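Novice: Please model the complete structure; the sequences and the hints are all you need to start from.
So the protein sequences, as listed, match chains U and F.
Start counting the first sequence at 109; every next residue gets the next number (the working numbering).
Start counting the second sequence at 9; every next residue gets the next number (the working numbering).
Calculated from the structure, these hints are not laboratory results.
Possibly wrong hints are sitting among the right ones.
[Unchecked claim] Rough simulated footprint, nothing fancy, chain U against chain F, three-plus residues with beta-carbon under 8 Å:
id : region
1  : 17-27
2  : 411-425
3  : 505-517
All figures in this text were calculated on a predicted structure; none of them were measured in a lab.
Heads up, the beta-carbon is just placed ideally off N, CA and C, and yes, glycines get one too.
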Amino acid sequence: MDIGTLINIALTVLTSLVVSWAIISPLLELPAGEVALTSAEEVSVRQDQRREIFAELEELEIEFRSGKLDSEDYQQSRDELFQKAAAVIAEGDNETTPHRREA
Amino acid sequence: MSDGFVLHFGGFALVAATVVAVYGAIGGFFGAWKEREGLARSAYNAAIAATCLSVTTLIALAVLFLRHDYRFAYVWQNSNNDMPPWYLVSAIWGGMDGSMLLWGVMLSAYSGLALASCTSKKLRPWLTSILCVSTASFLLIVTLSTNPFRLVPTLIMPTNGNGLNPLLQNPSMLIHPICLYLGFTGFVIPFAYCMAALLSGDLSGQWIQLARRWTLVAWGFLTVGIILGGHWAYIELGWGGFWAWDPVENASFLPWLTATAFLHSVIVQERRNMLRIWNVSLCALTYILTVFGTFLTRSGIVQSVHAFAEGNVGQWLLTYIVFITLLTIVTIAYRYRELRSPESLESYFSREAAFLFNNLVLLGICFATFWGVMFPVFSEALGYEKSVVGPPFFNQVNGPLFLVLIALMGYGPLISWKRNSWQNFAKLVWRPLLAGSAVTVLFLGIDGTRIIAAVSFGLFVFVLGTIMGEFHRAARIRRELSQGEGALQSLVSVVRRKPERYGGYIVHLGVVFMAVGITASTIYKIEKDFVLKLGQPAELGGYSLELMSLQEEQFKNYAALRAVVQVRDAASRQILGELHPEQRFYPASQQTTTEVDTRATPWQDLYIALGGIDPELKETGAAFKVFINPLQFWVWVGGMIMLGGTLVLVVSAFRMRQVVRESVVTSSVVRA
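Specialist: Set out below in structure tokens:
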């Protein structure tokens with residue numbers, strides 16, 4: 109058996125062991141408890157929403173000043189966006205308040 | 009040496025990657041369905057392991073090529089001792105087996121990237137399962153049907169190989185297939201997010217944002233791949249054009265069209281929460297069409313210079329297409345009620361309606377192209393004579409649709425969401441409309457017979473005017489609001505603050521430049537076949553061409569016949585330069601190729617292809633094909649502008665994610 113074949117066999121065995129361990133080890137761990145409800149993911153989604161609303165407001169301003177919108181339509185769209193922003197901020201506050209209290 | 013598999017690490021890694029991906033698909037499914045976190049994590053690890061193993065497989069194959077290991081049939085068939093190292097690398101995807109492996113590896117690599125960047129606990133197990141289904145399917149086809157680690161079926165070890173197809177021995181072929189495959193395979197991520205959202209029931213806006221980001225990446229690569237493919241055809245095939253509506257070209261174009269439609273309609277969902285079923289369908293259709301494209305190229309059902317059909321790959325791919333189509337239909341039907349949009353179209357004179365029209369036109373082009381590609385297959389299947397649909401069909405049907413699409417690119421930015429007034433629209437549209445009309449009248453005045461060209465150029469100027477107007481207005485408002493920013497600074501600020509909008513406009517600018525080049529080089533093209541004799545110049549389109557010499561040169565893996573043609577201005581006799589078109593003969597594959605030479609200026613390309621030595625003239629004359637392609641240069645410039653705009657869009661999409669992540673980290677630290 110030449111050195112190349114030996115290296116092949118060694119690499120094959122080593123890879124098999126590493127891959128098997130990576131796949132099997134999560135199955136052997138005890139199930140974790142309940143995951144915290146306000147995860148980073150939810151905060152991230154809300155921040156995305158806020159960012160989008162602010163971007164929409166800025167775009168609305170540019171469109172109005174460009175002359176694409178009547179003042180009536182502009183006012184109505186702006187009010188709608190303010191309401192959406194208020195709702196998102198309120199939602200965020202409701203969920204972060206218990207954490208602040210815990211801290 | 010026995011027929012079968014040698015104990016080679018690449019071969020082992022391929023089989024292991026396949027097995028592990030199959031486990032990831034099943035484990036991910038049950039982990040998500042039964043909500044078992046351990047199983048879901050195990051499947052996730054399997055998906056990452058499949059990525060590492062499949063990449064190892066590709067590296068192992070590259071090593072075999074670089075070492076000229078002709079024990080392996082694929083290496084022997086696609087390379088030889090005389091090929092330079094860079095073509096040995098491109099030989100990996102030069103044949104069926106390697107190209108299928110590259111597909112599988114890229115799918116797997118994309119899967120690893122998508123999973124590593126996915127933070128959604130609800131979507132990730134389903135995402136793992138769907139991505140592993142795709143990876144496993146392709147790796148399974150490679151392992152069982154197109155395995156590049158098969159041995160040469162002979163007892164004697166070959167000392168030299170057959171060599172790579174000479175047409176593929178071109179620098180474009182080092183990048184073009186990679187970009188094309190990165191485009192094709194990248195659409196697996198939006199598809200997987202779409203299916204994960206449908207299966208998990210999490211139909212909030214998150215999946216659509218993530219799908220949009222990855223669609224942009226894949227779309228960018230596919231765009232570059234298609235343009236590089238066109239450039240390769242232009243300089244390598246010697247027929248003077250870059251797009252022939254060849255079935256395989258069309259196969260790459262179909263998913264590009266649906267992905268373009270998706271990138272527009274997704275904005276409507278993000279802004280107005282509309283077109284939800286439409287978007288899910290478009291996202292799935294795009295991925296289905298990428299697999300369909302692979303099926304077209306590899307099944308042998310259509311004839312093309314790019315196609316390579318061997319074995320039973322077509323059946324495997326068809327089975328996979330049927331599976332993902334059924335999965336899409338069943339999941340959409342299952343979530344139909346939740347998918348129905350609460351919002352409706354308020355007015356047809358609105359931006360959302362413009363996006364909808366844009367989608368309908370794009371799908372119209374897609375359907376016409378699909379019909380043209382499949383018509384010979386359908387006609388033969390129905391018992392009629394197999395009739396081929398050529399470029400005139402595609403140009404006649406798709407040409408007007410493209411003009412409508414370009415018109416929408418000018419109309420869309422001028423109107424707002426929900427509803428608009430004609431007075432406001434008229435105030436914004438009159439200047440670009442006047443400029444466009446003036447150009448049309450000017451062209452009609454120059455040549456009244458070319459009405460389509462006159463209307464097209466007028467339309468391009470109109471769109472250019474509206475886009476420039478958008479940048480100008482936004483920069484002016486920005487300057488007013490910021491008080492102190494310079495003109496250029498405010499322009500940059502506008503793009504930086506709203507890159508998803510102005511990046512899109514940059515892409516549209518690229519499309520307009522490209523359309524100018526395509527229209528001019530198609531309608532005003534001049535072509536002529538010449539026999540040039542030494543010392544006897546010929547004239548075409550204001551150029552005087554004189555054959556100066558014919559030289560034979562011997563290179564390592566080919567013999568070249570090179571003509572030296574002097575180009576002069578026909579009127580002033582001023583020398584403009586020399587062109588060196590070639591014919592190359594590759595002894596290993598017994599094939600001859602044409603290497604054209606061009607004199608490219610922003611106004612026109614002088615394009616010369618050597619047809620061969622005239623037998624009657626022996627070495628004193630040769631046959632040439634000469635083309636003059638007006639504004640061809642702008643096709644490539646347009647492509648580069650499109651790439652620039654896409655980069656703005658992609659960077660902004662991923663930077664936002666990063667900003668969100670950083671702010672999440674910061675808020676966690678503050679909370680702690």
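Novice: Check each numbered hint from earlier against the structure, then list the numbers of those it violates in ascending order.
Specialist: none
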